[in-house]
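Below, each chain spelled out in residue letters.
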Amino acid sequence: MFFCTVLLGSNYLYAQTDYSNRQQLGQRVAALQKSHPNYVKTKSIAKTLGGSDVWMITIGTGTVEQKPALAIVGGVEGKHLLGVELAIGFAENLLADAGNTEVKKLLESQTFYVFPNMSPDATEQYFAGLQYERSGNARKVDYDRDGKIGEDGFDDLDKDGKITFLRVTDPTGDYILNPNESRTLIKADRSKGQLGQYAIYSEGIDNDKDGTLNEDGDQGIHFNRNSTYNYKNFLPGAGDYAVSEPENRALFDFLYDAFNVYAVLTFGPYNNLSQPIQVAARPTSAQPAAAAGGRGGFGGGRVTNWSAADAQANAYAADRYKELTGTKDAPRTNAESGDFSEWAYYHYGRLSFSTPGWWVPKVTAEGGERPGSGARGGAPAGGAGAVEDPVADYLKWAASEGITNTFTDWKVIQHPDFPGKQVEVGGIHPYVLNNPPYRLVSDIVAKHTEFVKSLAGMAPFIELIDVQTEKIDNGLSRVTVKVFNAGQLPTLAQVGQRSQFSKLIAVRVNTSGNQKVVSGRAVQTIGSIQGRSSVEMSWLIQGTGKVTIEAGSPNTGSDKVEVSL
Amino acid sequence: MYNKKFLLILLLLAGTTFSALAQRAENILAAAGTPPYPKVPVSWNRYHDETALKEIYDKMVKAHPDLVSLQSIGKSYEGRDIWVLTITDKKKGLDPSRKPAMYIDGGIHANEIQTSEFALYTAWYLTEMHANGNEFIKELLIDKTFYIAPSINPDSRDNFFHRPNTQHSSRTGRVPLDNDRDGLIDEDEFDDLDGDGNITSMRRKSPYGQFIEDPTDPRRMIRVPDGQKGVYELLGSEGLDNDGDGLVNEDGEGGYDPNRDWGWNWQPNHIQRGAYKYPFSLPENRAVAEFIMSHPNIAAGQNFHNNGGMILRGPGAAEDEPLISRQDISVFDAIGRKGEELIPGYRYIITYKDLYSVYGGELDWLYFARGVFAVCNELWMSNMLYNNASATNVDRQAEQYSADKFLLMEDGFVPWKPYNHPTYGEIEIGGFKKAYGRNHPGFLLEMDAHRNAVFTIFHGYQTPKLSVDNIEVKDVGNGIKEVTAVIKNERVIPTHSTFDVANKIELPNIVTLEGGNVLSGMIVQNKDFGLTVEQKHDPANIRVSTINGNSHVTVRWLVKGGSNYKVSVDSKKGGVASKTSGS
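Line order of the protein sequences matches chains A and B.
For the first sequence, the numbering used here gives the first residue as 1, with consecutive numbering after it.
For the second sequence, the numbering used here gives the first residue as 1, with consecutive numbering after it.
Simulated from the structure, these hints should not be mistaken for lab results.
Take the hints with a grain of salt, since some may be wrong.
[Said to hold, decoys possible] Here are the simulated distance ranges between beta carbons:
1. Lys-47(A) <-> Gly-79(B): 18 to 28 Å
2. Arg-532(A) <-> Pro-207(B): 48 to 58 Å
3. Leu-234(B) <-> Val-467(A): 32 to 42 Å
4. Lys-527(B) <-> Gly-150(A): 31 to 41 Å
5. Ala-398(B) <-> Lys-232(A): 42 to 52 Å
6. Glu-65(A) <-> Leu-444(B): 45 to 55 Å
[Stated by the list, open to error] Which stretches of chain A does chain B cover? Using the computed rule of at least three CB atoms under 8 Å from a CB of chain B, they are:
7. 142 to 151
8. 220 to 234
9. 237 to 245
10. 501 to 507
11. 510 to 523
Glycine included, each C-beta is placed from N, C-alpha and C at the ideal position.
Given the sequences, and given the hints that come with them, work out the whole structure.
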């Protein structure tokens, strides 16, 4: 590990052999700007409390803020290192290919805002002397509300530099050994008469002697629990209120003013690209106020489901995703409270796509439905039916790939907090369930880059088509035009149609001299236009000469036609 | 020029001589309850812009250095200071930051201008009554701290005073917002066509009009009965179609609601109209929230608004009602019902149920997120004009004209005057001035300010008052002593709301024993039956989750050694108190 870091530091671009720490990410960001000055502008939008930069990479040409934009956000979950790689890797791959005609066209017509890592304080824990899965930033939080901060964190009892697990023999414990994989544990199914044998804890001791292990360490505030949609106060890591952290605020401040963003792609734990939103089936209980109403997901003012039209766009994007990335067997995911990608749809009002990019592949075809993704760093998940054990699945796959050294065999230790009980330390290593070995990353990134390009190819674009001028009489003409969305995504998602923070399509007839609009509005706005659809407008105009008609909004681009009266 | 100046000086001299004369004690009989010789004279029958408010703050600090501190807690969008007055006896009692505190603010909706005067009157009344030797206030300011922020949306207050407005406009802050979402920002604001500083109404004579002059007061427009011919049509608020989109005044400055911007059950603007980007996305609110969070001694709060004569408790959203326990409701009830008594006509009601739904309001943030027992008074109600509580809305409108005519000498109305409008042609402009309708007429201002101020003083008085009431030492043999102490809260408000306890918002009260080697510590649930719950960890510092209003808790230790035991309680919202046994 130490050796790798040294190697990377000197030769990061070509000898990348592991995920990037914050210095390395900063170097990769700077290198992009240096090698593609015509296309790239980079900026640190915030300093976290831990002193990390939060990078924003703007990719495009000319007046980037007036071109339809795709926002790509990585590192929303600090233990998901791959999310950072997918975001920065997309930028690197796209620009490396800037000579390609197709890519060049994208770069000239659109803008990409790439935020490679929204949890830079948390991801540093992977590179730290003591490695554990961390989601929170460097904010000092009194997690157990005892007036002391950070007094009971993890403890590396076996001195391997990683926080794994304790299993303690305990007749009241919830866990038993997995009958198929003796190294892992599954939840005892009491309905089947299974008797619990073990209790499981994270590695550590009860430093403050309050009866709870590791309940108040350096956990900070989680970026992905701090968004306003379905925000839960008082949840560990949620913060005192939504959007309380500098990095969350900086991103929201930028995005709310970025009216040109038509969609957000998140590389994070939630996945609506392998399993697109089902309009009818998705539970809405997270937002209790809404009396469920009809009208395509609107209920009592709150929006708690995707509209049918938006879900269609999601389904189409998901098809492209599966095709271009070759991913399959994705575990079903549920968004956490305060999840960023849900915010992007339900509060920000943009189409929002999200994928973790990788999950433990199935080794054999048999076995039915995949286990849930509840595996939190190896705390074995249990459940009804077939034995669900993501750690066992991982070990099987790791063995087939020749991956070693990601599991510490259980070893008996002396533990001060469990007198008279057998305590063993061991288990799955942090990070390995959510992040592939680095040698697989470049292929995953390359495939996802293809998907992002394809998604960008669906962007809404306004064109004025079928322009007709009829002369009614001397000096009186009727002008008819179709405002056409040439893209496959709607110009505004459901919420965007109602939100103050998205622009409508403004249509203006510019008259001059003796010209006068006698019917129809010279200035007006229209709401959303679905993909490959149009809205027809016409005006009666008195006068002679040429008038121009323009239509557009920041997230659709604009078009202008000149007609002779 | 010289003459004018001279005259002015003479007038000023005359003024000072007169006020000096008027304050000679032999000429005055103090009216009960009002300080007769205030160190800071203020006329409580008019309204003050930010400059005038600041002058009063400064005078208060100068006149009452041992009672008043002034601090800027942050800057508004346009760079104005947001001021907080801290009122307490700095020389007596606990450190001001440890005294149980009442927080009061006004002016979040800056068109509701009397809210600032009411908050400031409270500060003025506390300090001047103290200076006048009032025993109750002297005692109160030893025990309590009052944090008073009279104007927390200062940009819009000055805008209301100095720019044309209706009585409803300037509720927003000044951060630009594209209300009509056409890509242009704030491009179609009201236009003060007659240049009088008020945005009133436009009317036009029309053969198709539905309105006529009210025969009892021709200034008032009334609708004609069905089938009859009217004279006027109404054209809305004074303004132009500045951006040529066929709409008048549809994209003015700002256009959001600062009281939908707080960190409890926040919802975006497509659900909660007026919300900005996320909780505390407005700089003024962020400053206030940070001030409140850094003052955990705040146990009670008041947000002044207008109007309607209400004392509101939360929640703003129906789904939050089950989160307030019966016990906490009874605390609100004790305060709210006293308010109904002190301010006759004001009704103690519940926001979501009796007014309307509010997501992300300040009141809910104070209670749910900070555990502060806060209420919101909606100042002014029109039945203060004629004490006509049963009036219908139509009656109320007629009353407003009548009161303007007979009580205010038509000073609240801009008479209809002709104007040539670029779109509408020959029209007339007129209507009520911005200061009338939602804000108190001068002669009623001081009276209602006083009633509301004493209500907030009552509210502040009811913040927890803790004492170590009794320490009992019993020898239980083997050199072990049992020390039992009673900690009392003599006021209505508990140290922690039940919602606070459930969610561990604030640290628990810590009851500490010093003076012996503590072997064990416990909370006594029933003294007579000896039922106790032991705290195994750190027994010298017993953690007591709350001490309810007008109630007590009993704690006990088993101690080796010592004879005089000091028991102290440390409570974020209840302050600190201690007592030593045998002394």
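These are the hints, each one checked on the structure:
1. Lys-47(A) <-> Gly-79(B): 18 to 28 Å: holds, 24 Å
2. Arg-532(A) <-> Pro-207(B): 48 to 58 Å: Hint holds: Cβ distance 49 Å, inside 48 to 58 Å.
3. Leu-234(B) <-> Val-467(A): 32 to 42 Å: Distance hint for Leu-234(B), Val-467(A) holds at roughly 41 Å.
4. Lys-527(B) <-> Gly-150(A): 31 to 41 Å: Between Lys-527(B) and Gly-150(A), where Cβ atoms are some 39 Å apart, the hint holds.
5. Ala-398(B) <-> Lys-232(A): 42 to 52 Å: The hinted range 42 to 52 Å holds for Ala-398(B) and Lys-232(A), with Cβ atoms some 50 Å apart.
6. Glu-65(A) <-> Leu-444(B): 45 to 55 Å: holds, 52 Å
7. 142 to 151: holds (count 3)
8. 220 to 234: holds (count 4)
9. 237 to 245: holds (count 5)
10. 501 to 507: Contact hint for the region 501 to 507 of chain A vs chain B: holds, 5 residues under 8 Å.
11. 510 to 523: As far as the region 510 to 523 of chain A goes, the hint holds, because 3 residues have Cβ atoms under 8 Å from chain B.
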